[in-house]
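*Asks:* Residues per chain, in single letters:
Protein chains: 2
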Amino acid sequence: MAQNGQKKMVEEITSMNEDFAKWYTDVVKKAELIDYSSVRGCMVIRPYGYAIWENIQKDLDARFKATGHENVYMPMFIPESLLQKEKDHVEGFAPEVAWVTHGGSEKLTERLCVRPTSETLFCDHYKNVIHSYRDLPKLYNQWCSVVRWEKTTRPFLRSVEFLWQEGHTMHETEEEAREETLQMLNIYADFCKESLAIPVLKGQKTKKEQFAGAEATYTIEAMMHDGVALQSGTSHYFGDGFARAFDITFTGRDNKLYYPHQTSWGVSTRLIGGIIMTHGDDNGLVLPPAIAPVQVVVIPIAQHKPGVLEKAGELYETLKAQGIRVKLDDTDNSPGWKFAEYEMKGVPLRLEIGPKDMEAGQCVLVRRDNREKITVRLEELSSAVPAALQAVHDGLYERALENRRNRTYTAHDFEEFTAIAKEHNGFIKAMWCGDEACEDKIKELTGVKSRCIPFEEEHISDRCVCCGKPATKMVYWGRQY
Amino acid sequence: MAQNGQKKMVEEITSMNEDFAKWYTDVVKKAELIDYSSVRGCMVIRPYGYAIWENIQKDLDARFKATGHENVYMPMFIPESLLQKEKDHVEGFAPEVAWVTHGGSEKLTERLCVRPTSETLFCDHYKNVIHSYRDLPKLYNQWCSVVRWEKTTRPFLRSVEFLWQEGHTMHETEEEAREETLQMLNIYADFCKESLAIPVLKGQKTKKEQFAGAEATYTIEAMMHDGVALQSGTSHYFGDGFARAFDITFTGRDNKLYYPHQTSWGVSTRLIGGIIMTHGDDNGLVLPPAIAPVQVVVIPIAQHKPGVLEKAGELYETLKAQGIRVKLDDTDNSPGWKFAEYEMKGVPLRLEIGPKDMEAGQCVLVRRDNREKITVRLEELSSAVPAALQAVHDGLYERALENRRNRTYTAHDFEEFTAIAKEHNGFIKAMWCGDEACEDKIKELTGVKSRCIPFEEEHISDRCVCCGKPATKMVYWGRQY
Numbered sequence: 002m003a004q005n006g007q008k009k010m011v012e013e014i015t016s017m018n019e020d021f022a023k024w025y026t027d028v029v030k031k032a033e034l035i036d037y038s039s040v041r042g043c044m045v046i047r048p049y050g051y052a053i054w055e056n057i058q059k060d061l062d063a064r065f066k067a068t069g070h071e072n073v074y075m076p077m078f079i080p081e082s083l084l085q086k087e088k089d090h091v092e093g094f095a096p097e098v099a100w101v102t103h104g105g106s107e108k109l110t111e112r113l114c115v116r117p118t119s120e121t122l123f124c125d126h127y128k129n130v131i132h133s134y135r136d137l138p139k140l141y142n143q144w145c146s147v148v149r150w151e152k153t154t155r156p157f158l159r160s161v162e163f164l165w166q167e168g169h170t171m172h173e174t175e176e177e178a179r180e181e182t183l184q185m186l187n188i189y190a191d192f193c194k195e196s197l198a199i200p201v202l203k204g205q206k207t208k209k210e211q212f213a214g215a216e217a218t219y220t221i222e223a224m225m226h227d228g229v230a231l232q233s234g235t236s237h238y239f240g241d242g243f244a245r246a247f248d249i250t251f252t253g254r255d256n257k258l259y260y261p262h263q264t265s266w267g268v269s270t271r272l273i274g275g276i277i278m279t280h281g282d283d284n285g286l287v288l289p290p291a292i293a294p295v296q297v298v299v300i301p302i303a304q305h306k307p308g309v310l311e312k313a314g315e316l317y318e319t320l321k322a323q324g325i326r327v328k329l330d331d332t333d334n335s336p337g338w339k340f341a342e343y344e345m346k347g348v349p350l351r352l353e354i355g356p357k358d359m360e361a362g363q364c365v366l367v368r369r370d371n372r373e374k375i376t377v378r379l380e381e382l383s384s385a386v387p388a389a390l391q392a393v394h395d396g397l398y399e400r401a402l403e404n405r406r407n408r409t410y411t412a413h414d415f416e417e418f419t420a421i422a423k424e425h426n427g428f429i430k431a432m433w434c435g436d437e438a439c440e441d442k443i444k445e446l447t448g449v450k451s452r453c454i455p456f457e458e459e460h461i462s463d464r465c466v467c468c469g470k471p472a473t474k475m476v477y478w479g480r481q482y
Numbered sequence: 002m003a004q005n006g007q008k009k010m011v012e013e014i015t016s017m018n019e020d021f022a023k024w025y026t027d028v029v030k031k032a033e034l035i036d037y038s039s040v041r042g043c044m045v046i047r048p049y050g051y052a053i054w055e056n057i058q059k060d061l062d063a064r065f066k067a068t069g070h071e072n073v074y075m076p077m078f079i080p081e082s083l084l085q086k087e088k089d090h091v092e093g094f095a096p097e098v099a100w101v102t103h104g105g106s107e108k109l110t111e112r113l114c115v116r117p118t119s120e121t122l123f124c125d126h127y128k129n130v131i132h133s134y135r136d137l138p139k140l141y142n143q144w145c146s147v148v149r150w151e152k153t154t155r156p157f158l159r160s161v162e163f164l165w166q167e168g169h170t171m172h173e174t175e176e177e178a179r180e181e182t183l184q185m186l187n188i189y190a191d192f193c194k195e196s197l198a199i200p201v202l203k204g205q206k207t208k209k210e211q212f213a214g215a216e217a218t219y220t221i222e223a224m225m226h227d228g229v230a231l232q233s234g235t236s237h238y239f240g241d242g243f244a245r246a247f248d249i250t251f252t253g254r255d256n257k258l259y260y261p262h263q264t265s266w267g268v269s270t271r272l273i274g275g276i277i278m279t280h281g282d283d284n285g286l287v288l289p290p291a292i293a294p295v296q297v298v299v300i301p302i303a304q305h306k307p308g309v310l311e312k313a314g315e316l317y318e319t320l321k322a323q324g325i326r327v328k329l330d331d332t333d334n335s336p337g338w339k340f341a342e343y344e345m346k347g348v349p350l351r352l353e354i355g356p357k358d359m360e361a362g363q364c365v366l367v368r369r370d371n372r373e374k375i376t377v378r379l380e381e382l383s384s385a386v387p388a389a390l391q392a393v394h395d396g397l398y399e400r401a402l403e404n405r406r407n408r409t410y411t412a413h414d415f416e417e418f419t420a421i422a423k424e425h426n427g428f429i430k431a432m433w434c435g436d437e438a439c440e441d442k443i444k445e446l447t448g449v450k451s452r453c454i455p456f457e458e459e460h461i462s463d464r465c466v467c468c469g470k471p472a473t474k475m476v477y478w479g480r481q482y
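For the record, the sequence lines run as chains A and B.
Using my numbering, you'd call the opening residue of the first sequence number 2 and step up by one each time.
Using my numbering, you'd call the opening residue of the second sequence number 2 and step up by one each time.
Check each hint, because a few of them may be wrong.
Which copy? The list can't say, so a pair holds if one copy fits it or any two copies do.
[Unchecked claim] Only pairs whose alpha carbons sit at most 25 Å apart, straight line, appear in this in silico SDA-like list of lysine to any residue:
no.	residue 1	residue 2
1	128	39
2	31	334
3	86	27
4	357	102
5	357	337
6	30	135
7	257	463
8	108	147
9	450	52
10	59	140
11	30	138
12	108	91
Honestly, the hints are just simulated from the structure, not real lab data.
Please work from the sequences and hints to get the whole structure.
*Replies:* Right, dumping it as structure tokens:
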């Protein structure tokens, strides 16, 4: 029965290479991350999925607080008139919001939308609390859910409702606001590298791909296992556009009135989709240790033999006392079933302990990322486990970086671009003249969009890959989730 | 100017005894807990207010996890047909929900309500994941915001949108579910006592005051400074009513099909209103140390004198290293202004350090609750501060308990009941026959509602205070927020 269970489980996952999209939905379901709900495009985030989100929140929240940010909570509703205050913003979001028209049995005099993002709400509040340069900067963040009425949805990647954080800050000077915008982008990139083992490209979005109402949008772009890009976080510089629209002014050091300069930045549960598609394999989820709900699972071998369960319990306690998130599975299921189960769940490290190991005074660690077995003297367990977790992290990061290297192409002219786009998913590096018409044409003819103008520019040629006119900017292009 | 600031601040708070309601709104505004928003009944929770909520969350979440509960996230929308599945439940909530009727420019085929509570969503999910007794218990909780279309709103106490946690659990047996219901009520009561310094009555709600769809509702009732009750948390036992309505069944140990037994329980940002109205005074907020964003504020006296700022900084670092939430205010504002400011913000302990103190090798701690000054040798600071924080906590709890004692009355007959209800706010203990007609009559003639049938029963007489028929149950009655 346990063996059947194991077989069944492995059979039920589609292979990545066969059908990546189906593999993805298999993993989110079988690893018990989500359940579909009765509302189109809204998902139930189950305990194991939510525990990943909690670890992401805890880590990011500490980074935000260490850089002086404070959490707040804004209402979830935006009156229609408030949403309309900033012209570009409302144009971008109005087509995809959910409208509340009735409270109880009463029709509302003004429709309320469920926040798709909260710039307008923050500005409405900032107007009340910013009066002097002494009130600046305001460095606020909120953790909440937002709603966007997407037509096509996929768990974590694109859903009608999703969880996120949105930072909204106000500054005395443009320079300070621009610094904040980049600081937060760097925090996101560091977090992706250090905690999610995901390498990201940092860069600026083209005007066409900018956030509605922003003067500049910066992005971190990750590449998934299949070569498709995932926009994983964005940071926006708004100038004083919203401040003017909302009439937010402050008295400066020279006693004159000024508009403050604004930023916003966000990452969402989409990151969980990024983790799955960056690190997962045909056995299921593979979780980076920093955010794994369970970092080490202890599995007793031949647990009916005298002393095995006691020893397993002892090792569990040792690791737990060390602050490692460890689980002991002493159920009646077979070791084989357990191996498959925790591989599916992406637990970074498995610890096996059986009678032979005990005799030899050792145990076996098995890495989830490459299945490498490490035999460890029991007295060295306390240092071996953190080292092995670090090795898993490094291994995941390296493998993701290698995948990105292998799937990054360079195109010198349009013919080459088209051929690459037709044949491969991946990033295409190519020069761009800066004309939106070329961006549109590339999208139309190849289905590929601009990802970003990277901070680390390269010079590929002097000519735009599309129109052949002079070009100085290199752009990363690619299909996206 | 600083002195003016101080004067102005004190002037602007209404005295509690003059107008308690106005005092309350003054405090929530002046202590910078909330700002009003453009949406009726929705509030902006500002950094200081949100930091209190974060501390409440952290404390409660640890208590939930220690008792085996896991966090999840359910959609914020409930399709109308789903809300209607449990008859009593929909009757209770349908009149006060917000309805989403449009997504983008499209009219929805079925209206969605913004969750007022999530029993229906949890059941919809439980149906998919509960099949066998091995799948039980399910011990889930979620932190989120909910919406109830209240006519009259007050910050924290009753608002259209509020933050809360809602636990929803499923059990194999009635006994286990009933134990869970009481366990969570006890956790709430312990938390109120240990972390909020608020004494609460534990008891059962009468049938009339039960949650829509519940078989039994338990409550913790706190008494505010003005003698008015605040229902501060509830825990419900549902039996298998929802399970039957949603067709959730499991195969039992005997291989037969059963309906699981359900509970739910919740507390909300209303607790912050309870803290304000239990502990606050005419100088503003008074925060219990366990949830105060700042536990100790260090205020240098004559800070221009040599060494004062350095010494203040040193004490700040000492306390910080100890894990105490401490703030150093070395701004140019006068000490008097600072005293008023942190009294308004309810900081439990003020530490004053000036040249004379330094000479004497001491500093002065001032308790927020009773303004007691404690002179402390600097080398004893590390033990003196935690002791003083504990003393503030104990002092607050005792004072609240004393207030409840002073405002708890006993009524033997209806005449006496009416006279007390007319003259005083407070709890009235009186016998009740169990007939809802008597409850209705009392409410109608005196404006007072049943609070709870307390776990600690007393025998006051053999007769119902209203109809004079035989009665065995003592009920607490009182006006409520």
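*Asks:* Now tell me, hint by hint, if it's right for this structure.
*Replies:* Verification of the supplied hints:
Proximity of residue 128 to residue 39 under the C-alpha cut-off of 25 Å is restricted to the inter-copy arrangement: shortest distance 12 Å between copies versus 39 Å within a copy. When the C-alpha separation of residue 31 and residue 334 is checked against a cutoff of 25 Å, the pair qualifies only within one copy, where the shortest distance is 18 Å, while the shortest distance between copies is 60 Å. Taking the closest pair of Cα atoms, residue 86 and residue 27 never come within 25 Å of each other, the shortest separation being 43 Å inside a single copy and 30 Å across copies. When the C-alpha separation of residue 357 and residue 102 is checked against a cutoff of 25 Å, the pair qualifies neither within a copy, at 69 Å, nor between copies, at 65 Å.
For the homomeric pair residue 357 and residue 337, the shortest alpha-carbon distance inside one copy (17 Å) is at most 25 Å, but the shortest distance between copies (73 Å) is not. In this assembly of identical chains, residue 30 and residue 135 lie within 25 Å of each other by CA distance solely across copies; the values are 19 Å between and 51 Å within a copy. For the homomeric pair residue 257 and residue 463, neither the shortest alpha-carbon distance inside one copy (47 Å) nor that between copies (76 Å) is at most 25 Å. With identical chains, the CA atoms of residue 108 and residue 147 are at most 25 Å apart both within one copy (23 Å) and between copies (20 Å).
Taking the shortest alpha-carbon separations for residue 450 and residue 52, neither the intra-copy value of 34 Å nor the inter-copy value of 41 Å comes in at or below 25 Å. Taking CA atoms no more than 25 Å apart as the test, residue 59 paired with residue 140 passes in both settings, with 18 Å inside one copy and 22 Å between copies. Taking the shortest alpha-carbon separations for residue 30 and residue 138, only the inter-copy value of 21 Å comes in at or below 25 Å, while the best intra-copy value is 43 Å. Both within a single protomer and between protomers do residue 108 and residue 91 lie at most 25 Å apart by alpha-carbon distance, with minima of 23 Å and 19 Å respectively.
Violation of the numbered hints given earlier is confined to hints 3, 4, 7 and 9; the remaining hints are satisfied by the structure.
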